[in-house]
Amino acid sequence: MAFDPTISLNVNVEKSLGDFSLHAAFQSAGGCTALFGPSGSGKTTLINMLAGLIQPDRGNIHICGAQVFDHTHNINLPPEKRHIGYVFQDARLFPHLNVRHNLTFGMNLIPDHKRLFEFTEIVDLLDLESLLERRPHKLSGGERQRVAIGRALLASPHLLLMDEPLANLDSRRRLEIFPFIENLRDRLKIPIVYVSHSVDEVIRLADQVVVLDHGRVTAQGGIREVLNRIDIQTEFAATSRDEAPDFGTVLTATVAAHEREDGLTRLSIANDKLLVPQIDIEVGKKLRIRIRARDVALANKAPIGLSVLNTLHAHVAELVNQSRTHVDIKLETESGTQIWSRITLRSQRELEIKPGADVWLLIKTVALETGLSQHIH
Amino acid sequence: MFTLTPLEQEALSLSLRVALTAVVFGLPFAVGVAWLLAKKSFPGKIILDGFIHLPMIIPPVVVGYLLLVAFGRNGAIGKWLYDVAGIEFAFNWKGAALAAGIMGFPLMVRGIRLSIEAIDPRIETAARTLGASPFRVFWSISLPLMLPGLIAGTFLGFARALAEFGATITFVAAIPGKTSTLPVAIYIALQKPGGEDAALRMVVLSVLLAISALAASELFARTIRRTIYGAS
Chain U
1 MAFDPTISLN VNVEKSLGDF SLHAAFQSAG GCTALFGPSG SGKTTLINML AGLIQPDRGN
61 IHICGAQVFD HTHNINLPPE KRHIGYVFQD ARLFPHLNVR HNLTFGMNLI PDHKRLFEFT
121 EIVDLLDLES LLERRPHKLS GGERQRVAIG RALLASPHLL LMDEPLANLD SRRRLEIFPF
181 IENLRDRLKI PIVYVSHSVD EVIRLADQVV VLDHGRVTAQ GGIREVLNRI DIQTEFAATS
241 RDEAPDFGTV LTATVAAHER EDGLTRLSIA NDKLLVPQID IEVGKKLRIR IRARDVALAN
301 KAPIGLSVLN TLHAHVAELV NQSRTHVDIK LETESGTQIW SRITLRSQRE LEIKPGADVW
361 LLIKTVALET GLSQHIH
Chain S
1 MFTLTPLEQE ALSLSLRVAL TAVVFGLPFA VGVAWLLAKK SFPGKIILDG FIHLPMIIPP
61 VVVGYLLLVA FGRNGAIGKW LYDVAGIEFA FNWKGAALAA GIMGFPLMVR GIRLSIEAID
121 PRIETAARTL GASPFRVFWS ISLPLMLPGL IAGTFLGFAR ALAEFGATIT FVAAIPGKTS
181 TLPVAIYIAL QKPGGEDAAL RMVVLSVLLA ISALAASELF ARTIRRTIYG AS
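Residue numbers (this note's numbering), protein chains in the order written: chain U, 1 to 377; chain S, 1 to 232.
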């Protein structure tokens with residue numbers, strides 16, 4: 001059963017916790033909203049407020065038309081009355097119950113006619129059939145997380161909260177879970193608030209993003225507009241604990257053709273063509289792609305004899321973010337697509353790259369393996 | 001040696017009845033108090049904690065005396081209970097059960113409290129977000145998860161109740177056939193000239209009983225842990 005798409009989330013909360021203060025407001029009209037920001041930015045505190053696990057000092061929270069918190073009217077619904085599903089970073093399955101009974105725990109607390117999903121529907125969606133009689137300690141991390149997602153969905157939530165559900169998984173398991181989450185976003189149409197500090201996850205899963213930093217919302221809106229904002233990228237890189245700050249460009253691309261004999265897919269972005277490792281999306285569908293600035297090399301002449309499959313002609317728009325060793329360069333292709341490149345200062349000097357210069361962008365196809373979203377609407 | 005005399009049978013059945021009653025009535029209170037101590041913070045928590053443990057550290061004879069004062073026929077509570085419900089504790093097996101229950105109570109609370117504290121509160125939180133009320137969470141999640149500790153605490157309390165002597169004899173005296181649990185019966189036997197042999201048989205019986213109680217407790221707890229967590 002599809003969920004009513006007119007629902008919305010409206011949040012405006014304040015809370016002081018010792019040295020840390022959170023003051024955040026955001027809205028969502030459904031779909032998948034990413035709460036994005038570095039560790040300690042208040043993402044989990046905020047999502048716990050939505051769930052009713054932390055009480056804000058002031059403000060109000062609407063979930064799907066229901067006022068679950070309103071400071072001025074003294075409304076503060078307990079978690080069990082908020083009709084939310086919560087998938088935690090650690091699966092938190094009930095150790096004394098097998099998978100089947102974990103799944104039905106929340107479901108059994110809801111009268112039949114109010115249930116949003118059939119048991120078998122969710123079991124199929126998350127491919128849980130073979131796990132049903134197992135105990136949680138006999139499951140792998142990825143399986144546990146799938147059960148946790150199914151358990152939350154079967155409680156018929158009006159809103160699904162996910163707090164870095166992939167953070168404790170290795171990258172293989174992560175890739176294993178991605179399609180399931182995409183599935184529930186696309187097929188079940190359930191609104192999702194997804195906490196993450198991974199750009200790749202946000203690009204793949206979210207429709208819109210709320211950026212949090214030090215307890216404040218520093219930006220919100222569509223993925224592309226927010227993630228391409230240089231101030232946000234810079235700020236995020238500066239506070240990120242990741243070893244390599246992940247600066248880049250988010251683009252919307254259309255699948256133009258599959259070149260199956262080579263295992264490649266051709267994407268078109270306006271009039272520009274881009275070859276990426278083959279993806280499983282129909283020709284004509286749109287998807288998001290993220291190109292890390294450090295994966296974009298530059299040449300000042302039309303390159304020949306290269307293994308790099310993607311070369312685009314462009315001119316230099318501006319140079320920013322100069323550090324001791326490198327500089328970020330905003331490029332504009334002939335069809336107007338803007339792409340960031342990060343090169344060393346020495347290359348910039350030797351190739352004489354300055355605003356207005358004509359350059360060729362070189363992007364290795366294999367560098368585009370991550371950062372591809374499934375199709376978007 | 002393996003057939004019990006009528007006197008021994010009487011002492012054994014009285015002991016079991018007293019200890020069982022003590023544990024059955026004490027358990028809900030023990031769970032409640034253990035829950036309060038493990039989960040809640042409130043003014044006077046330290047005082048409650050100390051008060052619960054008092055029977056472990058003061059002489060049993062003092063407990064017996066206090067019971068006599070409070071629950072005796074003319075005691076404040078005893079008189080009221082007799083008038084309202086017709087329940088009388090003085091000089092009968094119910095009084096022995098009350099004394100045994102109070103002496104075993106701290107052990108039950110300790111075991112149960114530890115098992116409550118061992119439950120990951122985040123799992124209970126998860127249950128709340130799935131739509132379960134706090135009571136529901138307790139019943140379907142916390143209680144099953146604390147079962148190993150609950151059983152261990154109960155059996156320990158049971159064993160302590162079987163062993164109870166000082167408070168019992170002070171509160172309900174040593175009346176053959178009425179308050180003569182195994183320890184009291186051993187005491188009575190020793191008061192008689194030539195009663196040592198009878199006492200020794202009952203001493204062996206006591207030891208066997210206590211060991212079986214502890215063994216059963218361990219067995220139960222292990223089985224439950226295995227069903228919950230798999231091989232432990």
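No lab work stands behind these hints: they were computed from the structure.
Among these hints, one or two may not hold up.
[What the hints assert, rightly or not] Pulled a few chain S residues facing chain U out of the computed Cβ check, cut under 8 Å:
{"no.": "1", "residue": "41"}
{"no.": "2", "residue": "74"}
{"no.": "3", "residue": "77"}
{"no.": "4", "residue": "81"}
{"no.": "5", "residue": "114"}
{"no.": "6", "residue": "118"}
{"no.": "7", "residue": "123"}
{"no.": "8", "residue": "128"}
{"no.": "9", "residue": "130"}
{"no.": "10", "residue": "131"}
{"no.": "11", "residue": "132"}
{"no.": "12", "residue": "166"}
{"no.": "13", "residue": "223"}
{"no.": "14", "residue": "225"}
All C-beta atoms in this analysis are idealised placements derived from N, C-alpha and C, irrespective of residue type, glycine included.
Each hint tested on the structure:
Interface hint at residue 41 (chain S): violated, since its Cβ lies 17 Å from the closest Cβ of chain U, which is beyond the 8 Å cut-off. Given the 8 Å rule on beta carbons, the hint for residue 74 (chain S) is violated: about 49 Å separates it from the nearest Cβ of chain U. With a least beta-carbon distance of about 38 Å to chain U, the hint placing residue 77 (chain S) at the interface is violated under the 8 Å criterion. Because the smallest distance between the Cβ of residue 81 (chain S) and any Cβ of chain U comes to about 39 Å, over 8 Å, the interface hint for this residue is violated.
Of the supplied interface hints, the one on residue 114 (chain S) is violated, with its beta-carbon coming no nearer than about 17 Å to a beta-carbon of chain U, more than 8 Å. Given hint, residue 118 (chain S) at the interface with chain U, is violated; its Cβ is 12 Å from that chain's nearest Cβ, farther than 8 Å. With a cut of 8 Å, the hint placing residue 123 (chain S) at the interface with chain U holds, because the nearest CB-to-CB distance is about 5 Å. For residue 128 (chain S), the interface hint holds, the least distance from its beta-carbon to any beta-carbon of chain U being 4 Å, beneath 8 Å.
Below 8 Å, beta-carbon pairs count as interface contacts, and residue 130 (chain S) has one with chain U at about 3 Å; its hint therefore holds. Given hint, residue 131 (chain S) at the interface with chain U, holds; its Cβ is 4 Å from that chain's nearest Cβ, closer than 8 Å. The restraint placing residue 132 (chain S) at the interface with chain U holds, with a minimum CB-CB distance near 6 Å, inside the 8 Å limit. Hint on residue 166 (chain S) is violated. Least Cβ distance to chain U is approximately 40 Å, over the 8 Å limit.
The restraint placing residue 223 (chain S) at the interface with chain U is violated, with a minimum CB-CB distance near 13 Å, outside the 8 Å limit. Restraint check, residue 225 (chain S) versus chain U: the minimum CB separation of about 10 Å is more than 8 Å; hint violated.
The structure fails hints 1, 2, 3, 4, 5, 6, 12, 13, 14 (numbered hints given earlier, in ascending order).
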